[in-house]
Amino acid sequence: MRMGSATTFKDLHVWQTSMDLAREVYRVTRDLPRTEVFGLTSQIRRAAVSVPSNIAEGNGRQHPKEYVQCLSIAMGSLREVETLWILCQELLPHAERSRMDELLDQTGRMLNRLRATIRAKI
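Each residue of the sequence shown is one higher than the last, beginning at 106 in the working numbering.
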């Protein structure tokens with residue numbers, strides 16, 4: 106389903122911002138202890154990649170209700186990233202909180218707006 110003037114999921118600002126978030130998660134988690142490679146590092150990275158992946162998947166769905174469902178999954182993954190980020194901050198006291206927090210907040214607001222826009226058209 107194509108919403109607004111966006112022609113592909115790559116044109117959606119929410120997808121672009123969530124990709125920035127995923128890149129930031131990868132950058133920040135490089136500094137986590139090696140003992141966390143198969144634990145926290147892997148989990149937060151998978152959750153971060155899930156956000157833009159579900160946005161893209163939903164955009165490719167035929168029915169608006171399916172799109173909304175994928176956006177809801179993306180929001181769940183975003184909250185998982187946020188929760189894991191809180192834990193990371195305890196392990197990485199020098200982490201740049203403002204950039205990550207800004208991307209989490211911005212992505213969440215954009216996801217909510219997109220879901221509301223699609224729901225209004227159902």
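These aren't lab readings, by the way, just hints derived from the structure by calculation. Any given hint might turn out to be false.
Under the rule of at most 25 Å between Cα atoms (straight-line distance), these lysine to any residue pairs were calculated in the SDA-like manner [unchecked claim]: (1) K115 to L145; (2) K170 to R220; (3) K115 to G181; (4) K226 to E129; (5) K115 to K226; (6) K115 to A221; (7) K170 to Y131; (8) K170 to Q211; (9) K115 to Y131; (10) K170 to E129; (11) K115 to P138.
Simulated restraints on C-beta separations [unchecked claim]: (12) G144 to D116: 18 to 24 Å; (13) H118 to G181: 19 to 25 Å; (14) R214 to E171: 32 to 38 Å; (15) S177 to F143: 34 to 40 Å; (16) R202 to V142: 36 to 42 Å; (17) T140 to R202: 20 to 26 Å.
Bear in mind the structure is a predicted one, so any value in this text is a computation, not a measurement. No residue lacks a Cβ here, since even glycine has one placed at the ideal position from N, Cα and C.
Cross-check of the supplied hints:
no.: 1; hint: K115 to L145; verdict: violated (28 Å)
no.: 2; hint: K170 to R220; verdict: holds (10 Å)
no.: 3; hint: K115 to G181; verdict: holds (21 Å)
no.: 4; hint: K226 to E129; verdict: violated (33 Å)
no.: 5; hint: K115 to K226; verdict: holds (22 Å)
no.: 6; hint: K115 to A221; verdict: holds (20 Å)
no.: 7; hint: K170 to Y131; verdict: violated (31 Å)
no.: 8; hint: K170 to Q211; verdict: holds (23 Å)
no.: 9; hint: K115 to Y131; verdict: holds (20 Å)
no.: 10; hint: K170 to E129; verdict: violated (30 Å)
no.: 11; hint: K115 to P138; verdict: violated (33 Å)
no.: 12; hint: G144 to D116: 18 to 24 Å; verdict: violated (36 Å)
no.: 13; hint: H118 to G181: 19 to 25 Å; verdict: holds (20 Å)
no.: 14; hint: R214 to E171: 32 to 38 Å; verdict: violated (22 Å)
no.: 15; hint: S177 to F143: 34 to 40 Å; verdict: violated (28 Å)
no.: 16; hint: R202 to V142: 36 to 42 Å; verdict: violated (22 Å)
no.: 17; hint: T140 to R202: 20 to 26 Å; verdict: holds (22 Å)
Checked against the numbered hints above, the structure violates hints 1, 4, 7, 10, 11, 12, 14, 15, 16; every other hint is satisfied.
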